[in-house]
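Each residue of the sequence shown is one higher than the last, beginning at 34 in this note's numbering.
Simulated from the structure, these hints should not be mistaken for lab results. For every residue, glycine included, the Cβ atom is placed at its ideal position computed from N, Cα and C. Keep in mind that the hints are not guaranteed to be accurate.
[To be verified] List time: in silico DSBU-like cross-link candidates among lysine-lysine, alpha-carbon distance up to 35 Å:
1) Lys51 / Lys203
2) Lys134 / Lys176
3) Lys182 / Lys120
4) Lys201 / Lys134
5) Lys201 / Lys176
[What the hints assert, rightly or not] Here are the simulated distance ranges between beta carbons:
6) His175 / Asp41: 20 to 30 Å
7) Lys236 / Arg151: 27 to 37 Å
8) Glu199 / Asp91: 19 to 29 Å
9) Ala147 / Lys51: 33 to 43 Å
10) Phe48 / Thr106: 15 to 25 Å
11) Asn212 / Glu118: 24 to 34 Å
12) Lys203 / Val133: 38 to 48 Å
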Amino acid sequence: MNILLIEDDKRISDFVLKGLQENGFNVHLSDNGVNAREHILSSEWDIILMDIMLPDIDGVELVKLIRYKKKNTPIIMLSALGDPEDKVNALDSGADDYLVKPFHFKELISRINALVRRTKLNYDKEQNIHQCGDITINTDEHKVLVNNKTIDLSPREYKLLLFLVENKNKVMPRTQILNNVWGINYDNNTNVVDVYISYLRNKMNLTSATLQTIVGTGYMLKDS
Numbered sequence: 034m035n036i037l038l039i040e041d042d043k044r045i046s047d048f049v050l051k052g053l054q055e056n057g058f059n060v061h062l063s064d065n066g067v068n069a070r071e072h073i074l075s076s077e078w079d080i081i082l083m084d085i086m087l088p089d090i091d092g093v094e095l096v097k098l099i100r101y102k103k104k105n106t107p108i109i110m111l112s113a114l115g116d117p118e119d120k121v122n123a124l125d126s127g128a129d130d131y132l133v134k135p136f137h138f139k140e141l142i143s144r145i146n147a148l149v150r151r152t153k154l155n156y157d158k159e160q161n162i163h164q165c166g167d168i169t170i171n172t173d174e175h176k177v178l179v180n181n182k183t184i185d186l187s188p189r190e191y192k193l194l195l196f197l198v199e200n201k202n203k204v205m206p207r208t209q210i211l212n213n214v215w216g217i218n219y220d221n222n223t224n225v226v227d228v229y230i231s232y233l234r235n236k237m238n239l240t241s242a243t244l245q246t247i248v249g250t251g252y253m254l255k256d257s
């Protein structure tokens, strides 16, 4: 995760920088608004941590600029200003969270993780992302990933996998799979479902525990 930290107080920035790096985050520090503005507009960040009282550009004005530029990067304000009006002003300007100094570092980490989870959930919904264990399907791009590796599927294999992912942890009878993937008039005595299940298992390296055969009924994709 790439984090942009905007803080002019060296004592605080050293403390936050050290803590974030120890927790595995990749952090870039800007100690003034002008420098931060350049990095915000030229690079992509997973999250921005920003002080309000910067020496050149006010933090709230910087937030407004970020949102004006249509950048939806999550922003947490770190400020010594604890009055409700200051919080409301920052949040109304486009910040996502507000943490008053001094703060416990564990709380900062917790808020970062919560905000990133919420942002990812909203992004997934917008992008039509379907998830099942290590399998990710982006229906906008017709892209299938397993452990972030792209898997090339035929149109029918893709449709079958998407149907199973949409119904994960449910037993899907062969007849129901046939009706939804191949069409309701398809011959129910065919073994085409079993053949394509075998294709998916081989191409995606799916174990029998993940893509389960339910004897006498059909198949179930487990979200493990």
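Here is how each hint holds up against the structure:
1. Lys51 / Lys203: violated, 46 Å
2. Lys134 / Lys176: violated, 44 Å
3. Lys182 / Lys120: violated, 42 Å
4. Lys201 / Lys134: violated, 45 Å
5. Lys201 / Lys176: holds, 18 Å
6. His175 / Asp41: 20 to 30 Å: Since His175 and Asp41 have Cβ atoms about 47 Å apart, the given range 20 to 30 Å is violated.
7. Lys236 / Arg151: 27 to 37 Å: This hint holds: roughly 33 Å between Cβ atoms.
8. Glu199 / Asp91: 19 to 29 Å: Distance hint for Glu199, Asp91 is violated at roughly 47 Å.
9. Ala147 / Lys51: 33 to 43 Å: For Lys51 against Ala147, whose Cβ atoms are near 22 Å apart, the range 33 to 43 Å is violated.
10. Phe48 / Thr106: 15 to 25 Å: Cβ of Phe48 to Cβ of Thr106: about 23 Å, so the range 15 to 25 Å holds.
11. Asn212 / Glu118: 24 to 34 Å: violated, 60 Å
12. Lys203 / Val133: 38 to 48 Å: Hint holds: Cβ distance 47 Å, inside 38 to 48 Å.
Of the hints listed earlier, those the structure fails to meet are numbers 1, 2, 3, 4, 6, 8, 9 and 11, in rising order.
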